[in-house]
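In case you want the letters, here they are:
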Amino acid sequence: MTDLPFIIWLDHEFAPGNPLLGGKFSNLAKMLAAGFSVPPGFGVSTAAYHHFMDQAGLEAEAASLLAAGHSMASADIKSKASDMVARIMSQPLPSDLETAIRRDYALLEERVGQKDVPVAVRSSGELEDLTGASFAGQYDTYLWIFGADSVLHHIRMCWASMFGDAALSYRGVVEDAGSRQDVGICAGIQQMVEARAAGVMFTLDPLNGDPSKVAIEACWGLGEGVVKGDIAPSHFTIDKVTFEVIKRQIVSQLKEYAFDTKTGAVGLIPLAAECQDNACISDKEAVNLAKLGKHIEQCQSASQDIEWAIDQQGDTKVLQVRPETVWSQRERSGLVSDVKSPVDHVLLRLSGVRVAKPPSEGGQP
Amino acid sequence: MAKKSLDEMTNPAVKGSSSSNKSFPNPFNVKTPVGAEGWEELYPYYYLLSPERREMEEGKFWFFDGVHNPEPLYPFDTIMTENWWVAASQMASRVWPIPVAMGIDQRLINGYIYVSPNGVTDPEQIAKRQEHFTRRAGHYFENWDEIYSEWAEKAKDCIGRLDKIKFQPLPDIEPEENVFSHRGIYSSHDLLSSYNRLIENMLEMGSYHFEMLNLGYGAYLTFREFCQQAFPGITDPTITQMVCGIDNLLLRPDDEVRRLATAAMELKVADVVLKYEQPDEMLAAMATAKGGGLWLEKFEAAKEPWFRFSTGVGYTHTDPVWIDDLRLPLMAMRNYIELLQRGEDISRPLASLLKKRDKVTKEYRALLPTDQDREAFDGLLGLTCKVFPYVEDHNFFVEHWHHSNFWSKVRELADVFVAHNFFDDREDLFFLHRHEIYDALYDLLTGWATGSQARGEVYWRPIVQRRRGVRDALAKWTPPPALGTPPSVITEPITIMLWGITEETVEEWLGVNPSADGDILRGVPAASGKATGLARIVKDSEDLYQIQDSEILICRIVAPSWAPVFSRIAAAVSDVGGIMAHSAIISREYGLPSVVGTGFATANIQTGDLVEVDGDAGTVRVLERAPG
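Taken in sequence, the protein lines are chains E and L. Take the position in the first sequence, starting the count at 1, then add 34; the result is the number in this note's numbering. Take the position in the second sequence, starting the count at 1, then add 11; the result is the number in this note's numbering.
Just so you know, not all the hints are guaranteed correct.
Cβ pair distances, simulated, as ranges [stated by the list, open to error]:
hint	chain 1	residue 1	chain 2	residue 2	range
1	E	ASP372	L	GLU153	13 to 21 Å
2	L	ASP369	E	GLY181	51 to 59 Å
3	E	LYS374	L	GLU515	24 to 32 Å
4	L	SER578	E	LYS374	43 to 51 Å
5	L	ASP389	E	ARG388	12 to 20 Å
6	E	ASP45	L	THR273	25 to 33 Å
7	L	LEU365	E	LYS281	54 to 62 Å
8	L	LYS397	E	ASP372	57 to 65 Å
9	L	ASP369	E	ASP88	56 to 64 Å
10	L	ILE531	E	ASP378	42 to 50 Å
11	L	GLU135	E	ARG388	17 to 25 Å
Here are the simulated lysine to aspartate or glutamate pairs, EDC-like style, with alpha carbons at most 20 Å apart [stated by the list, open to error]:
hint	chain 1	residue 1	chain 2	residue 2
12	E	LYS149	E	ASP294
13	E	LYS281	L	GLU519
14	L	LYS397	E	ASP294
15	E	LYS318	E	ASP349
16	E	LYS281	L	GLU623
17	E	LYS374	L	GLU142
18	E	LYS328	L	ASP369
19	E	LYS374	L	ASP389
20	E	LYS325	L	GLU374
21	L	LYS139	L	GLU157
22	L	LYS541	E	GLU319
23	L	LYS397	L	GLU222
24	E	LYS289	E	GLU228
25	L	LYS541	E	ASP317
26	E	LYS374	L	ASP382
27	E	LYS374	L	GLU349
28	L	LYS314	L	GLU288
29	L	LYS541	L	ASP389
30	L	LYS139	E	ASP378
31	E	LYS374	L	ASP426
32	E	LYS318	L	GLU623
33	L	LYS177	L	GLU374
34	E	LYS328	L	GLU374
35	E	LYS374	L	GLU515
36	E	LYS325	L	ASP369
37	E	LYS281	L	GLU515
FYI, nobody ran anything at the bench for these hints, they're computed from the structure. C-beta: ideal position from N, C-alpha, C; glycine also.
With the rest of the complex left out, here is chain L (with noise of 0.2 Å):
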């Protein structure tokens, strides 16, 4: 296709509505923070606004993605969000293709990203997507369990590879065996080449992320508004009710962590895991202690691959992960032990949770008009039911477990760095974009090579305290939800299922002044149920220890691996999120009510004021200031 008749046939999604005068902030007129001064050179120049496009950029409606990235990207972390820029937007505008939609544009703001969908609205190019839309997205639906187990094979060969992926400095003299063989190639050649594995099993990975996604969510949405139109009013809760597989694999490492607390019942020793709060210490006791090694040995088994849980969303380096750092999930373990040895039952009700979800189909069911209606109905649930295990499980394959032992690989390659005396922390690489990366690992060939000094051992370091710097006080930064010109309409199916933003949405940031001291705030009721407590603002994971009993959560989004606390909060609320965002699927399985995309709680809240959230209302009302 010429390039020509793709810009003719591309118009943005969501067009600019002329009836309102109400606008969002003009995305050029975004003040850089104090501080932050030159946050352009951290990343790729096709990563931010241009002047020379200017009327484009301005006449686009551009949301902050917090859902994925709730805060500054580090220039490495963008490996992330340019892969589904090209994977997740591809399968739209090109593989499918979707008829009304293109791919979902991205620009960084003050390092926040910002995405902007893009629709075609043209109805003869609609006709012709859709001729071939129908025969593909056809054949991936008839076949989508087949379709789906080779991608589950697929997914694990993937991560095998990655496994494999080794980084070590390079030797002063190369090995003998290298010669011997007659290779011809030598470690420099095998550190570069491993180099490029890894970004290219990153972005495989990445592609295979979006293979299947769109046509889930599709489902889905197709399913969900026929229920709106049956039943209006109608809630998101409650149609996932009727879809929500009630076991996926993102609450396997949850019910492993149930499993080993029963297990250290079982073997008599519960009271070693209490009494250690520091995991290595913890360990090394529970070596020692009698009936502790069988249990280690089931610990050990139920690492591999359940640990590989992200305690964030998976899309940036700094969420720790269980395997990394046992806290969160011994913390649980202590939390069911303590149950148990009330004398709780800490397995998860299946069997009732199944039988309230067939009453709730049931009788929704039966209040539909019509018995052509009803037909509708089961075939759309049949269909959604269907995708749906492919929609929630993706989740642990992708971004748990894929992206966690990527991360590990990226700290094994920035040893390498350290070893070769270009930086001082191995998480000073993270500052670097992995084109930069490839270039400093050149120099570092280069020095090695010739046994002078490499540039980048003087180099990099001045350029990494100043990144720092700048990151720091972008940090301090609070991004308003959304930018540029307002849609009307807004057509693109996983902006409205993924991002949960609607013409309502839009239309109640427009209404909402970031700057104003407002005491209600307005998101979406994610699940069910009221609650009154203390607000705490967790902006890291390391705040989570921070935690007291009922206080309310209250952040930018809601890891699904947070989970091991959920027992001890009282509500959950967060800046960002729609109904399938990762942490909204979890919240409704820990009956927690929550809010999510309130746009500016961890903005309005302060840690310790008294807050109100209703999950059902998808309100949050502050009651009382904390003092100071």
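So here's chain E without its partners, still in its complex pose (with noise of 0.2 Å):
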């Protein structure tokens, strides 16, 4: 188990699609390593999860608790699960782990030239890109780390996260998920962007699975708004190939997340008043994003669903990459039925037949 690194850095060139990485990381070191605009950071493998845990004489309960997930917490199930919690938040870390992280925390901070970093710590889970499942929102997301002892603490509140209730009983909705219960987890550590606008994006309109478009959520600060739903955000429609604007909806917003200085934390603060019924990106970051959009679905070979963040300086940086669940899935069913010479189809739409269905219909996949 020790052969296997605790810690593996995004650019490392063995990062990209690792397992050890989990789903999300491991997207985000191709991403990387195909020259997209990544914040640095590093994960904390599930090698590393596996050692915790196994130290802590866990690794039996954890299993039997993810076999038993599936058929939904009875009440039994759910005192077992937080008492793990508990004793993930408890149990004392292996010394070698700790010195790791501690290291490559510093080196970060060496690396950015920042004392005292500020970094998300993501969960990013084995499972993830397994099952076509996006298990999206499932496992937690800590905002505005800072310090080796804050991030030591989320690491394991990462690790927690598997045995909360959703995403336990989300386990359950996913086929095959029951049947791998020596899952593990990796906890990403990364710098954190300054967000002046982020969001996410489908390269396909979510609402009808045409993939001649990229469909982009923004609002003002940090995305977490978008993602969670709390924040109604602004909406764009690209066309993919001629990049046009095609729809474009301002929806204004009286508050955004951003880094609460009274607080400490991240929080939902009063948005600037010139900022509220604006657009909280021009046009041509729209643009620049669907360009982006399409440039990673075309690294991917698939359509993508994508967390983005434009900081302060106005660069934008690619958060999460994934693949999209929901239409991929499904066979895009054809436009024509017959066979038929152009010239019939003239004809017949003259007279009064047309040539193609009608559109599918949104909703249910």
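Two chains, two separate frames, one set of hints: put the complex together.
Below, the structure is given as structure tokens:
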């Protein structure tokens, strides 16, 4: 077990696609390797997680909890799970692991030239890519964490998040998840992007699966509000071929997610008045995002769901990349049902019969 | 076919919607503007709303055709609209016949033209019509290229015969050769038959105009709908980009101007072109300049036929033609010379346009779901590209070349009336309907033949004066975009393609109060891009010379031949027009942000207002009103 690395930097040559980084982080490493702008950082690998669980004597119980999770949490399992969470939070970290994490956090401080550099600590689950299920929002992410002690604390919280109610029951609805009882989790540590605006984009139209569009949702500040859904985002639809802005719906925003100096944590704070009714990204930025999305999609050879942020300097960063899971798994039905000559198509059209079937309705895949 | 059965099979193409209680104004309730009382006398009886058919007239959906006739019609100019009333309609109703469409009806209301498409909804009739249609239209599509080259020959022949028609005042004594040749017919008969031939020639070209147009639009419409179903939200400029020839005859006049600018540089006479704003002065100076003779040769060669280019749609006699008013091409030429002197390239980037078109087409094609869809896409795109040269080029042959020459012949005839003391000014003729001209001409013959004063010498002047006042009053009125009963569905292909009338347009119009001082107008996005600038309202081509750099052109409709000012303006906005309107094609070629079919831009925006045009969203926003 100790042969496997506890820490893998995103820019390490073995990072791209490495299962030890979980789905999210191994994908981000791929993005970095492909030349996209990804905030610097490292993953505390699934090997590190297993090492901790093993040293703490929790592996067997964890496996039985994960196996039982899919049968939905009974009161008994709930109490066992909360007991598990408490123990993950309190058992001592193996000293080799703690030393490694402290050393590499210091290295990150050095690389970005900032003492106590604020980071995002993100859970990156092993199952994210394996099952075709997004696990979106099931594992926790902690923003604006700084100082090695706090980072260590939040790594434990990422590990513990595997045993939260939501994560356990989500496993229940994902086929095959229950059979993977040895599953681990990676905690990704990345420099925090001080976002001026952020959000998500899909490299297809999520309403109808149209692959000729990039759909962007954006808000002022950190993208947490868009991801969580408690901030109504502005919408942009961009033509993926011509990069025309086809739809632009600006939604006024009163508060933003940002680092609150009063509480020393990320929270919803009032948004500057001059921003409230204005677009958080310009058309040009929206088009550049669409170009970025198209490029990522080409690298990944599949439609993507991408989290992004634009920092105070106006640089765009890729925060998360995962395959789009709804439309990509449906077979796209054809438009024409009968083979006809083009002249016959036109003749029929002028007789009142359209070439193509009506477009598919949005809604349930 | 018996008349009765025709009426039974004809239903409005657009049926009244019962769910909506919104309605357009009743056409019978439209008020006559002050000073325009009695306007009806300018037009023939069959062009007016009739109380005898009130129920039918009210039940129809009438929309204003500002695409072709943004101004109230001159009585003579109705020959153009009357022509397509029959010529375009008969193709759909009787010639092909198009299964779902009959013709497009017309009425004049306060002198403005309103049109209403008739459709066929009875499935049995549609099936019967389809049998004819499939054979006939199939024949045209299968043999398109040959038929189009025959068409071009017919068009040129028709123009050639038009050019040979001559009008001259009647002689005091009949020339001797007409006696000794034993013709037995004389100048009087020649004048009358020349007039008849002139009218017939116009109606003949008018018939050619529509020989292939419905089918061309039909192919494009089919391809467009296919793209819209595959890629909801795909814009019209993008679809047109895949189809458009990057070169068409409508661009030739401007290309000639570019070539002449380049030649002026090479022959070192550019300064002569730049020095004189008045065409006559420039041409006189050129004749004496070194190298000027050679340039003038090139200039004369380029004029035929490329300066037979109307500054309007070609449907009204008031639109100056380049060849008669050289200010517009020379203004453009000065722009090009200035660009050349700054070392810029003025050639259109054909290769990169082609490359871009191919890239866009290839990428969309790859995004289609199945191979079968790609096959349909390829086939429809191929057919549409095949018909498109006709769709674009007919415009030069018909509206520019032929019609420009037609108006010039009509003025030759007007000079005969002036010479015989019927009018003081040749332009007065246009206040008479063509049937009234026939009467006036016969009147003139009687005066000449008998030696009495023709009644026309004392009859027409007061009528012309009254009609001019009426028309001036009508011109100040703003026609509402639609009247009558709102439709729930629109099926007629030309209505959709040419006028941009869709169910959404109708909804939009229903939601807009024309008298409201709205700060945002919506229209059809015709060419992408965004621009902000000061508005310049252009109501006729004379206003074009007022345009300042970077202004935003606001007009009833953009005429293709206004292209020379496009290099100075930031964007173009029109009240009327669809994606296939002659102007939209050119706007796209010039990459000018453009919104067409806004309905009310010239009524709601004033010269000097600060406006923002979004050619992607199809919106025009007034940011700041001009002071006062």
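Hint by hint, here is what the structure shows:
no. : hint                            : result
1   : E:ASP372 x L:GLU153: 13 to 21 Å : holds, 20 Å
2   : L:ASP369 x E:GLY181: 51 to 59 Å : holds, 56 Å
3   : E:LYS374 x L:GLU515: 24 to 32 Å : holds, 28 Å
4   : L:SER578 x E:LYS374: 43 to 51 Å : holds, 45 Å
5   : L:ASP389 x E:ARG388: 12 to 20 Å : holds, 18 Å
6   : E:ASP45 x L:THR273: 25 to 33 Å  : violated, 55 Å
7   : L:LEU365 x E:LYS281: 54 to 62 Å : violated, 29 Å
8   : L:LYS397 x E:ASP372: 57 to 65 Å : violated, 22 Å
9   : L:ASP369 x E:ASP88: 56 to 64 Å  : holds, 60 Å
10  : L:ILE531 x E:ASP378: 42 to 50 Å : holds, 43 Å
11  : L:GLU135 x E:ARG388: 17 to 25 Å : holds, 21 Å
12  : E:LYS149 x E:ASP294             : holds, 19 Å
13  : E:LYS281 x L:GLU519             : holds, 18 Å
14  : L:LYS397 x E:ASP294             : violated, 64 Å
15  : E:LYS318 x E:ASP349             : holds, 13 Å
16  : E:LYS281 x L:GLU623             : holds, 17 Å
17  : E:LYS374 x L:GLU142             : holds, 17 Å
18  : E:LYS328 x L:ASP369             : holds, 19 Å
19  : E:LYS374 x L:ASP389             : holds, 12 Å
20  : E:LYS325 x L:GLU374             : holds, 14 Å
21  : L:LYS139 x L:GLU157             : violated, 28 Å
22  : L:LYS541 x E:GLU319             : holds, 15 Å
23  : L:LYS397 x L:GLU222             : holds, 16 Å
24  : E:LYS289 x E:GLU228             : holds, 16 Å
25  : L:LYS541 x E:ASP317             : holds, 10 Å
26  : E:LYS374 x L:ASP382             : holds, 13 Å
27  : E:LYS374 x L:GLU349             : violated, 54 Å
28  : L:LYS314 x L:GLU288             : holds, 19 Å
29  : L:LYS541 x L:ASP389             : violated, 32 Å
30  : L:LYS139 x E:ASP378             : holds, 17 Å
31  : E:LYS374 x L:ASP426             : violated, 58 Å
32  : E:LYS318 x L:GLU623             : holds, 17 Å
33  : L:LYS177 x L:GLU374             : violated, 56 Å
34  : E:LYS328 x L:GLU374             : holds, 12 Å
35  : E:LYS374 x L:GLU515             : violated, 30 Å
36  : E:LYS325 x L:ASP369             : holds, 19 Å
37  : E:LYS281 x L:GLU515             : holds, 16 Å
Hint compliance for this structure: hints 6, 7, 8, 14, 21, 27, 29, 31, 33, 35 are broken, all remaining hints hold.
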